[in-house]
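FYI, in the working numbering the residues of the sequence shown are 1 to 226.
Some hints could be false.
Taking lysine-lysine and the DSS-like style, the derived pairs with C-alpha atoms no more than 25 Å apart in a straight line are [to be verified]:
| hint | residue 1 | residue 2 |
| --- | --- | --- |
| 1 | LYS211 | LYS164 |
| 2 | LYS164 | LYS185 |
| 3 | LYS185 | LYS211 |
| 4 | LYS134 | LYS151 |
| 5 | LYS164 | LYS134 |
| 6 | LYS151 | LYS202 |
| 7 | LYS134 | LYS211 |
| 8 | LYS202 | LYS164 |
| 9 | LYS202 | LYS185 |
| 10 | LYS151 | LYS185 |
| 11 | LYS134 | LYS37 |
| 12 | LYS151 | LYS211 |
| 13 | LYS151 | LYS171 |
| 14 | LYS79 | LYS164 |
| 15 | LYS151 | LYS164 |
| 16 | LYS37 | LYS4 |
| 17 | LYS171 | LYS211 |
No lab work stands behind these hints, which were simulated from the structure alone. Note that the structure is predicted; figures quoted are calculated from it, not measured.
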Amino acid sequence: MTNKCPPGVICVENITLLFVIIIILCIIFFGYFSLSKFVNYKRIDSSEKYNTILNIQDRNIPTNQGLYSRPGYSFSNIKDDVLLNPYQAPLRDNRLFPNNDLNNMPNKMPINVPTQSYDTNYRQIGILTRVGDKESILPLMGRPLMSNRDKWNFYAMSENNLLKLPISTIKSSSTSSSGSNSYTKCMGENGCNDLYNGDIVKVDGYNDVFKVTTYENNAPQYIPYI
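Please put together the full structure from these sequences, using the hints given.
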């Protein structure tokens, strides 16, 4: 005589219950094994990345560009990069040939130097403040062009540092036939005169003019062991 389940009750045979328990245990075991393997892989990957960063820092290996991306801005670890290095003081560098180039490598003997000017790197030397209703501050970039005539090339960076904007200076005691000021472009072959605090310049892309504020000159340095 076979056993029958009473109404409203689920009956499971012992062998069936044993198989169900074994299957559940296998699923739990394989799930735990897979999760442990994934966690260990992530730990090893993170540890390798951390050790790589430490090795680069310990050996003082410069990156290709020295730039590090962040969600809202970028910064660099390049010495004398006033624009993007947060640890570089806002001082003006007037040297024709800095000791280090943009890749943080010592400069060698310059070659192919123009006869009428110098081909040196641009650097941030100050800021431009908008003269008008809406206040805007732009980085002022420049490089010495002719040391004997105090000529420079200048341009400005947009507020988000994505666009390079040519600038022009007002010619002294010079106006056009229409009565407006005449300007000298600072990115030309002859450049323009050096800028000083309070000078007024025109920035391409803006209707208003900008007032110049230059950084303090960087003090000369020497090597005490020579």
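**Message:** Holds or violated: LYS134 and LYS151, Cα atoms, limit 25 Å.
**Reply:** 31 Å, violated
**Request:** With a cut-off of 25 Å on the C-alpha distance, tell me whether LYS202 and LYS185 pass.
**Result:** Between LYS202 and LYS185 the Cα gap is close to 9 Å, so the pair holds against 25 Å.
**Prompt:** Regarding the pair LYS151 and LYS164, is the alpha-carbon distance no greater than 25 Å?
**Reply:** Distance ~20 Å between LYS151 and LYS164 Cα, so the pair holds.
**Prompt:** Has the given pair, LYS151 with LYS171, been kept, meaning a C-alpha gap of at most 25 Å?
**Reply:** 14 Å, holds
**Message:** Does LYS211 sit within 25 Å of LYS151, going by the straight-line distance between their CA atoms?
**Reply:** 19 Å, holds
**Message:** LYS37 and LYS4 were given as a pair; does the straight-line alpha-carbon distance stay at or below 25 Å?
**Reply:** 47 Å, violated
**Request:** Starting from LYS79, check that the Cα of LYS164 is at most 25 Å away, please.
**Result:** 22 Å, holds
**Item:** Pairwise hint evaluation, LYS211 against LYS185, where the allowed Cα distance is 25 Å at most
**Value:** Holds. LYS185 to LYS211 sits at ~16 Å (cutoff 25 Å).
**Message:** Need the status of pair LYS164, LYS134: alpha-carbon distance at most 25 Å?
**Reply:** 20 Å, holds
**Message:** Please verify whether LYS134 and LYS211 have alpha carbons no more than 25 Å apart.
**Reply:** 13 Å, holds
**Message:** Can you confirm whether the C-alpha distance between LYS151 and LYS202 stays at or below 25 Å?
**Reply:** 18 Å, holds
**Asked** Quick one, are LYS202 and LYS164 close enough, alpha carbons at most 25 Å?
**Response** 14 Å, holds
In this structure, the hints that do not hold are numbers 4, 11, 16, in rising order.
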